[in-house]
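Following the hints, complete the assembly by docking chain G with the ligands onto the known chain H.
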Amino acid sequence: MANLTFDALEKSYGGYHAVKGIDLDVRDGEFVALVGPSGCGKSTTLRMIAGLEEISGGEIRIADKRVNDLPPRDRNISMVFQSYALYPHMTVRENMGFTLKIAGCSKAEIDEAALNAARVLEIEPLLDRRPAQLSGGQRQRVAMGRAIVRDPDVFLFDEPLSNLDAKLRGQMRTEIKRLHARLGTTIVYVTHDQVEAMTLADRIVIMKEGRIEQVGTPDQVFNHPATQFVAGFIGSPPMNMVPAKVAGGALWFEDGTELPLPAAFEELSDGHEVIFGLRPDDIYPEGHGLDAGTGDIVNLQLTVDLSEPLGNETLLFIRFAGAEWTARMLNPRNVARGERLNFRIDMARVHLFDAATGCSLGRQ
Amino acid sequence: MKAMRLPPHVMLLLPAVILLAAVILFPLLLSLWSSFTPFRLTRPDSVWQFVGLRNYTRLAGDADFWVAFGRTVLLLTLALNLEMLFGLGLALLVERASRGQRVLRTILMFPMMFSPVLVGFQFKFMFNDNVGLVNNALQSLGLTDQAIPWLIDGKLAFIAILTAEIWSSTAVFAIFILAGLMAMPRDPLEAARVDGCTPWQTFRYVTWPFLMPFAFIAMTIRSLDVARAYDIITIMTDGGPAGRTEVLWTLIARTAYSDARMGIANAMAYVAILLSIAFTAIFFRQLAKARAQVAADW
Ligand SMILES: Nc1ncnc2c1ncn2[C@@H]1O[C@H](COP(=O)(O)OP(=O)(O)OP(=O)(O)O)[C@@H](O)[C@H]1O
Ligand SMILES: [Mg+2]
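Order-wise, the sequence lines are chains H and G.
According to this note's numbering, the residues represented by the first sequence are 916 to 1279, in order.
According to this note's numbering, the residues represented by the second sequence are 421 to 718, in order.
Please note: incorrect hints may appear among the correct ones.
Stated by the list, open to error - Covered by chain G, according to a simulated footprint, are these stretches of chain H (three or more residues, beta-carbon under 8 Å):
(1) 965 to 976
(2) 984 to 996
(3) 1241 to 1251
What the hints assert, rightly or not - If you only want the chain H side, here are some residues facing chain G, beta carbon under 7 Å, derived:
(4) Ala1000
(5) His1004
(6) Trp1167
Unchecked claim - Computed list of chain H residues with no C-beta within reach of chain G, every gap over 12 Å:
(7) Ala923
(8) His932
(9) Lys1022
(10) Val1035
(11) Asp1080
(12) Gly1099
(13) Asp1108
(14) His1139
(15) Met1156
(16) Glu1181
(17) Gly1202
(18) Pro1224
(19) Glu1254
(20) Ala1271
It should be emphasised that the hints constitute simulated quantities derived from the structure, not laboratory data.
Nothing here was measured: the structure is a model prediction, and the numbers come from that model.
Cβ atoms here follow ideal geometry from the backbone N, Cα and C, with glycine treated the same way.
Next up, chain H with everything else stripped away, as it sits in the complex (with noise of 0.2 Å):
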């Protein structure tokens, strides 16, 4: 167990610079998970933790050890791949106890940890076969299971469920969750799938073009997005986001409709452009939303273009302002298309982002 910094880390390859400078402490036994788009500079970011990519600037301290110059076989981590890496020439088994055969263990020992890990991530049936007799989704639990028979300080997750149906996808995140409890060593784990990041991770780092843009924990980086780029990168679907203009205490939309400014925004100075951010949560149809009750509710009358029935809920595309938003009804009704129903915004519940810096407004 250890924790992790990284000091002003940089990485570039050539003349191309795919992180530009990193600052992050990770807390002994913490979950942190790495998002972004893709080509952010997740993965280098990874691998140069694992020590399989130079380290371009800056530095990485494993248990406070600076660890830039330590081929990776002294960093004591265990690492999934995105592309998996199996052992071609090794069995399921071979794949899994290669690490600890490596590290000189009896082969009792080998045989029954490759067993339990085969045994959580179930694929004791595929023991015996190799690499190429598997499908995708099994590949990656064994790799999955590489990196688990091990005891390392850190524990480096590349999108290791990607690949996975949704229903052992959630087994899976189930799965690591109650590793991490077990073990509780610190891990770092990449996904794209921003359900993985906010249900795994004690803390979530939003990456873009190779810098950091918001670390936060789940509940903050939902609720208190520093910048517009993390506002539209987490929740699902994404935050409504359109165009205005603060005029006379009001926000002004670009086709001229007109919404009240929100109290915590009074400040805001005429003229300022800014970007107007809901989620589809607090937009929705009179009788079928939250209801958290802040009594600064706008309600308007408006037609239902499209909706998708998700069973639970369903998700209603609206035109209003001169764009088109996602509203989302709870305890759906059937909702026909065209129809005009009575919408409720929450406006306690408004993000206001800068249009030129895109930067958050307050609510932080």
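Here is chain G with the ligands on its own, set in the frame of chain H:
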């Protein structure tokens, strides 16, 4: 009367079958037959005189033949294994080169472009005891002041021949193994590093198992054409002096053409072929095993 007509597929195959029979099957059968006769080139009619296994039993008791046989097996074993080792080393080095890899690959193939006869002449010159490069170099370096009789002493000549043979054919292994290295997926290597392997362990447990099939393909191919070492040996020592470097191929050629004893030479040739088949079969089995290990990935 109805003419007999062959079905079209037989008709179409017939020219090829006739051609193959004429150039391969017929000589093969003829030589097999003549190994059961006392056929001498100077007495053509002796080819019709069947003597059963007499040639073979005579060979069984022929010490010269068995010495040549043993020397051939030794040469094959040493040459193939050393070639594989050097080829592996070369391939690993070339694969490491970040620049100029193409040029290096081409250079690597140069020895394959030389005819074995030329290689023979070249090494005969280099190992010449008076004017050869090797002795010259050794003397200039002060390692010796004598003219080492490279091609005259039996053991030294064997080493000289082995050197020439290895020089000319290591490239085959290098190329095959390099192809394997280039086809090899990178990420298991990374996984191995994370799993705690030293570079040597990574090679031993991950790289080598993957390369093995490639090495065995090269082995198999080499075991089929290794008899071409005949050219090199003929030029360098011609099995001499006094049979000190005699191998099966030079012995066969001498018996057949100098002594004109075709019958017994063919018997030797069949023993040599069996030897060659045995080597090939061994490597083929190894290859199949290695491939089964890396499994259906290819
Ligand atoms: N070996 C390399 N050489 C040059 N550029 C590279 C190399 N590896 C990665 N990159 C670049 O670095 C950037 C970050 O890559 P990285 O693999 O870290 O992305 P990622 O966040 O893991 O994306 P994904 O979610 O798709 O896996 C990308 O733009 C990529 O093109
Ligand atoms: Mg990645």
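*Output the numbers, in ascending order, of every earlier hint that fails for this structure.*
The structure breaks hints 3, 6; every other hint is satisfied.
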